[in-house]
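K.L.:
Using the sequences plus the hints, can you model the full thing?
Order-wise, the sequence lines are chains A and B.
Numbered per this note's numbering, the first sequence spans residues 1 to 151.
Numbered per this note's numbering, the second sequence spans residues 1 to 159.
Treat the hints as calculated values from the structure; they're not laboratory data.
Certain hints may be false.
[What the hints assert, rightly or not] Restricting the straight-line Cα-Cα distance to at most 20 Å, the calculated cross-link-like pairs of lysine to aspartate or glutamate (EDC-like) are:
| id | chain 1 | residue 1 | chain 2 | residue 2 |
| --- | --- | --- | --- | --- |
| 1 | A | Lys137 | B | Asp92 |
| 2 | B | Lys69 | A | Glu49 |
| 3 | B | Lys69 | A | Glu96 |
| 4 | A | Lys137 | B | Glu81 |
| 5 | A | Lys137 | B | Asp77 |
| 6 | B | Lys150 | A | Asp80 |
| 7 | A | Lys137 | B | Glu80 |
| 8 | B | Lys150 | A | Glu49 |
| 9 | B | Lys151 | A | Asp80 |
| 10 | B | Lys150 | A | Glu79 |
| 11 | A | Lys141 | B | Asp77 |
| 12 | B | Lys151 | A | Glu79 |
| 13 | A | Lys141 | B | Glu80 |
| 14 | A | Lys141 | B | Asp92 |
| 15 | A | Lys77 | B | Glu148 |
| 16 | B | Lys150 | A | Glu123 |
| 17 | A | Lys141 | B | Asp51 |
| 18 | A | Lys141 | B | Asp84 |
| 19 | A | Lys141 | B | Glu95 |
| 20 | B | Lys151 | A | Asp58 |
| 21 | A | Lys141 | B | Glu50 |
| 22 | A | Lys137 | B | Glu85 |
| 23 | B | Lys150 | A | Glu96 |
| 24 | B | Lys151 | A | Glu49 |
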Amino acid sequence: MDIIDKQLITLIQAGFPVTERPWAAIGEELGISEEEVIGRVSAIHDSGEIRRIGASFDSRRLGYASTLCAVHIPQEKLEDAVAAINAYHNVTHNYERNHHYNVWFTLIAPSRERIREILDEIESRAGIGPILDLPAKRLFKIQVDLPVIDD
Amino acid sequence: MTSRLDDREQELVRQLQEDIPLTPQPFADIAARVGMTEEEVVETVRRWVEDGTIRRFGAMVRHQRLGYKANAMSAWDVPEERVDEVGRALADAGEVSHCYQRPRAGGWQYNVFAMIHAATEGECERIAAALARQVGIDSYSLLFSSREFKKVSMRYFVE
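P.N.:
Structural data, given as structure tokens:
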């Protein structure tokens, strides 16, 4: 990873040019060819430093509902219950945390009704609950550029 | 707030939530898959970035490699009449990436959440303590993640 790679990552993270020839536009800024930009981006992508190049959508603006969920899961049930939760593509983040409510996950679905349905299914399938359903009432800040979190 | 997307726009969302092609004209390739012109795709993506439908367009980097080793979910028990002021104050802190008001629930008395990022857990604790003094709220809890069970991007319009 040289200085040009680092500048390249910075450029395509924050100000990706949405234009017909984006790699050529980036190349112009860095003083390298379109072909070299594509080659470097491919190599950085393959190295795993970049997870994805694309769009991160605001779920609400696509008409989706989202919530943060917390649940207490006893240690002996943890593995199976986490598998039951993660089986839903609607669950995007799931962490073990140091609290009585030891499992915290985010859930995104086409409607509030579907969210309730999924939570009911998880509770009955995994034999856990009640799951706390904590949808945002108000957003004070969401900073997506630094630190970079793909959500 | 809710935008009703037509079939082609939903297909465009499906394409953009994957990797864009590493070809000279990626938006032309996407346009061919979606049944739009290259110009329509470029215009739609620009409009979505402008109106906030797309929060961010570009490379998503693995953030644990960039020096933010620790993160703490701080949860605060804030009297309803102070939520506005305290939420804004927490959101103002540079170390806080996300800040939300959420409902209280049975056995969970905290109603304001702020995600704190720092190099170490100790530093997260010091930041939270300083914020607590600043906003004058001493009922808060810091939850560190001990394991990541899942972290993926949401895939829309696939059900």
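K.L.:
Each hint should be assessed against the structure and marked as holding or not.
P.N.:
So, going through the hints one by one against the coordinates:
1. A:Lys137 x B:Asp92: Within the cut-off at roughly 19 Å; holds.
2. B:Lys69 x A:Glu49: 16 Å, holds
3. B:Lys69 x A:Glu96: 16 Å, holds
4. A:Lys137 x B:Glu81: 14 Å, holds
5. A:Lys137 x B:Asp77: Given pair Lys137 of chain A, Asp77 of chain B holds - Cα atoms ~15 Å apart, limit 20 Å.
6. B:Lys150 x A:Asp80: 14 Å, holds
7. A:Lys137 x B:Glu80: Status holds; Cα separation ~12 Å.
8. B:Lys150 x A:Glu49: With Cα atoms ~18 Å apart, Lys150 of chain B and Glu49 of chain A stay inside 20 Å; holds.
9. B:Lys151 x A:Asp80: Distance of about 18 Å is within 20 Å: holds.
10. B:Lys150 x A:Glu79: 13 Å, holds
11. A:Lys141 x B:Asp77: Given pair Lys141 of chain A, Asp77 of chain B holds - Cα atoms ~18 Å apart, limit 20 Å.
12. B:Lys151 x A:Glu79: 17 Å, holds
13. A:Lys141 x B:Glu80: Holds: Lys141 of chain A and Glu80 of chain B sit about 18 Å apart, inside 20 Å.
14. A:Lys141 x B:Asp92: 8 Å, holds
15. A:Lys77 x B:Glu148: With a Cα-Cα distance of about 17 Å, the restraint between Lys77 of chain A and Glu148 of chain B holds, given a limit of 20 Å.
16. B:Lys150 x A:Glu123: 19 Å, holds
17. A:Lys141 x B:Asp51: Given pair Lys141 of chain A, Asp51 of chain B holds - Cα atoms ~17 Å apart, limit 20 Å.
18. A:Lys141 x B:Asp84: Measuring from Cα to Cα gives roughly 12 Å; hence the hint holds.
19. A:Lys141 x B:Glu95: 12 Å, holds
20. B:Lys151 x A:Asp58: This hinted pair holds, its Cα atoms lying about 17 Å apart.
21. A:Lys141 x B:Glu50: 18 Å, holds
22. A:Lys137 x B:Glu85: Answer holds: Lys137 of chain A to Glu85 of chain B is near 15 Å, not above 20 Å.
23. B:Lys150 x A:Glu96: 10 Å, holds
24. B:Lys151 x A:Glu49: 16 Å, holds
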